[in-house]
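These protein sequences, in sequence, are chains A and B.
Note that numbering that gives the first Met the number 0 has the first sequence beginning at 0, numbered continuously upward.
Note that numbering that gives the first Met the number 0 has the second sequence beginning at 0, numbered continuously upward.
Hints are computed from structural coordinates only; laboratory data are not their basis.
Source: prediction; values computed, not measured.
Where is the CB? At the ideal position from N, CA and C, for every residue including glycine.
Treat the hints with care, since some could be wrong.
Claimed, not checked - These stretches of chain A come out as covered by chain B in the derived footprint (C-beta under 8 Å, 3 or more residues):
(1) 87–99
(2) 125–138
(3) 200–208
Here is what each chain is made of, one letter per residue.
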Amino acid sequence: MKKKAGRAPAEKGRGKRVENKEKTKRAILRAALELFAEKGFYHTTTKAISRKAGIAEGTLFNYFQTKEDLALYFFEQELDEIITWYERDRRIKRAALAEKLFAIIHRFLERLAPYEEFIGAVYLRALAPTSKLSPWSLQTQERNLRYLRFIRGILAEAEAAGELPPVGDFGAYAFGLFHLAIITHWLRDRSRGKEQTLALLDRCLKLAAHVSKKGGWAW
Amino acid sequence: MNKNEKSGAVARGCRIGKLGFSLVGSYLGYQAQNLLLGEEEKPQRRVRFQQQASRRVREELGVLKGPAMKLGQMLSMQTGILSEEALQELAQLQMHAPGMHASLTRAQFKSALGKYPEQMFREFDPEAFAAASLGQVHRAVTKTGDQVAVKIQYPAIRSAIENDFNLLRSATLPTRLTGHVPAALLEEIRRGLLEETDYVREADNLEFFRNGLSGLDYLTIPRVHRGLSTDRVLTMSYVEGESLGNFLKRKPSRALRDLLGARLLEMHRTQLYRLNALHADHHPGNYLFQPDGHIGLVDFGCVKRLSFNISELDTCQCRRSWRESEAAARHFLALAYGSRAPYSRARKMLPLLERMSDIFYPQSDSADIVIDYRDPKSYAKFREISRQHQKLVLQNKLINPEFAFLIRANVGLGHLLHELGATVNISELRRRVSAAPAVGQNESDESRAGKIQRTTVFPA
């Protein structure tokens with residue numbers, strides 16, 4: 000009893016510190032996103048971000064050393080959001096595999112929509128092999144693995160249900176690349192309401208479902 | 000669904016190409032056979048040829064689904080090379096977009112209207128209750144409590160159709176060169192298809208026909224909710240009724256079936272003669288029947304507005320106007336085969352047109368034309384003469400693009416009436432519908448410009 004009572008406030012305090020830290024991080028991200036939407040990724044200074052978030056510029060660097068760190072954090076948050084949403088949405092969990100995958104990518108796109116310019120800038124940066132944002136940088140690996148595990152889990156369920164022939168981890172990797180390709184298409188898509196991307200996404204997933212049903216993986 | 004169905008541009012391209020060739024092959028074969036065979040051999044050969052061609056065209060078209068299907072459908076209906084059964088089956092083929100799952104429906108709705116369906120309706124059923132041309136239909140309840148049907152188009156269908164059409168244009172080059180498939184016919188189909196992708200236009204059509212046909216009190220046409228519609232989403236009032244198949248399962252009485260048959264024909268004729276326009280998609284799913292004899296008509300995507308006055312064509316045929324003078328003959332033939340058709344070729348049609356008019360517009364008023372649509376014998380002579388006419392049209396390269404949608408509509412309506420098993424007095428119908436004030440030439444000019452006000456000319 001005593002022990003428990005003694006430890007609780009300390010844990011509470013640490014928990015609160017972590018929580019506060021996370022709160023500040025989110026406030027900075029929010030401020031940054033607003034500025035990115037307003038002025039663009041390249042024209043936003045760290046000074047402006049810290050002023051908008053209501054913190055000292057020095058404090059900002061404690062959280063994010065560069066704007067790229069900020070972008071990394073943004074994608075981490077988005078991934079968290081998608082995983083939580085997927086786990087909670089009962090309808091989508093019962094849907095066919097093609098619809099699940101469609102809904103995941105579409106939700107990503109919907110959430111990215113307000114920051115299209117920012118995402119475009121991130122994409123350009125990520126092309127440089129030395130960038131932290133590059134899909135091959137060590138900083139992105141943790142997030143990539145989390146994403147791959149999430150998708151792998153969905154594919155494994157479909158495999159178990161006989162909806163998909165065994166595709167192994169390769170399936171998740173392939174889907175990840177497809178996801179990147181769709182985002183690229185979406186960034187360039189000038190059709191009304193980006194409906195071309197919707198059609199492309201739907202048709203590709205249906206085609207993949209069709210091919211895999213016919214045992215297309217058995218090479 | 001067909002096992003052979005393939006998706007993807009390449010597979011579809013191959014199919015369109017193949018169809019192009021097989022259509023050319025059919026026509027050439029048919030022409031050659033007409034030249035080489037003696038009169039007495041023709042019937043047997045024709046039956047065999049028809050069977051082959053029917054099978055080929057039906058199989059190919061059933062798989063194609065896009066613009067190529069539409070072209071094949073219209074061509075085979077105009078050229079009389081197919082059997083009646085195959086024609087009726089063809090008339091029912093519809094353009095199909097791939098189905099949309101709930102997530103895509105939601106996404107497409109937002110892409111078109113800027114908000115999700117659950118934000119704009121009190122209730123929205125994520126499962127479609129019907130397939131529509133190029134999309135699907137969902138039931139919903141508006142915030143004010145109205146029951147509605149929401150038609151949602153498959154994303155980016157317009158550019159898909161344009162792509163298919165470019166393929167089709169290349170595939171049909173040989174037939175266009177020989178003059179059997181006039182470029183104008185292709186253009187007519189393209190126009191019709193692209194119009195179908197514009198739901199704002201369909202909303203205009205709905206209102207045009209709702210006003211124009213308000214005199215037919217047994218007919219229900221949905222009301223458009225403009226605030227909940229765009230060019231890719233169309234929200235309309237929900238129309239009660241059953242499809243023909245389900246309606247017939249209840250074994251409706253003979254009298255009711257005859258009544259419905261007469262009403263279907265009256266609707267058809269009223270559109271043509273008073274509105275100079277036609278709901279040209281006689282797909283059975285577009286008619287909703289109610290046990291009290293009410294009819295609901297939905298899906299106004301495929302509408303043909305005539306650029307000429309069809310009652311004038313009728314009058315000419317009743318009067319046999321071509322006998323009067325060469326000028327009158329030229330005028331009549333231009334109406335029937337288009338102003339571009341050369342008189343020297345069109346003139347060859349006159350002997351057959353004489354016989355045709357004797358059957359369709361008998362000069363003695365004593366005997367009414369009564370058709371029992373259940374019994375093919377009852378309209379065999381109409382069918383036979385039409386077939387001869389179509390054959391001669393093809394031989395003389397006189398296909399009139401104006402009629403492409405009309406003929407398809409007629410075949411579709413014939414099928415509907417056959418299924419319904421109705422008996423209709425055609426002469427009585429003609430007298431009733433043409434008794435209203437005729438459409439003046441000036442007014443039809445206005446209708447060409449797409450003015451809706453013209454409907455106010457007609458008494459409700």
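Hints and how they fare:
A count of 6 residues in the segment 87–99 of chain A with a Cβ less than 8 Å from any Cβ of chain B is obtained; the coverage claim is therefore met, three being the minimum. Counting residues of the segment 125–138 of chain A whose C-beta sits closer than 8 Å to any C-beta of chain B gives 0, which falls short of three, so the coverage hint is violated. Residues of the segment 200–208 of chain A with a Cβ under 8 Å from some Cβ of chain B number 4, which satisfies the need for three, so the listed coverage holds.
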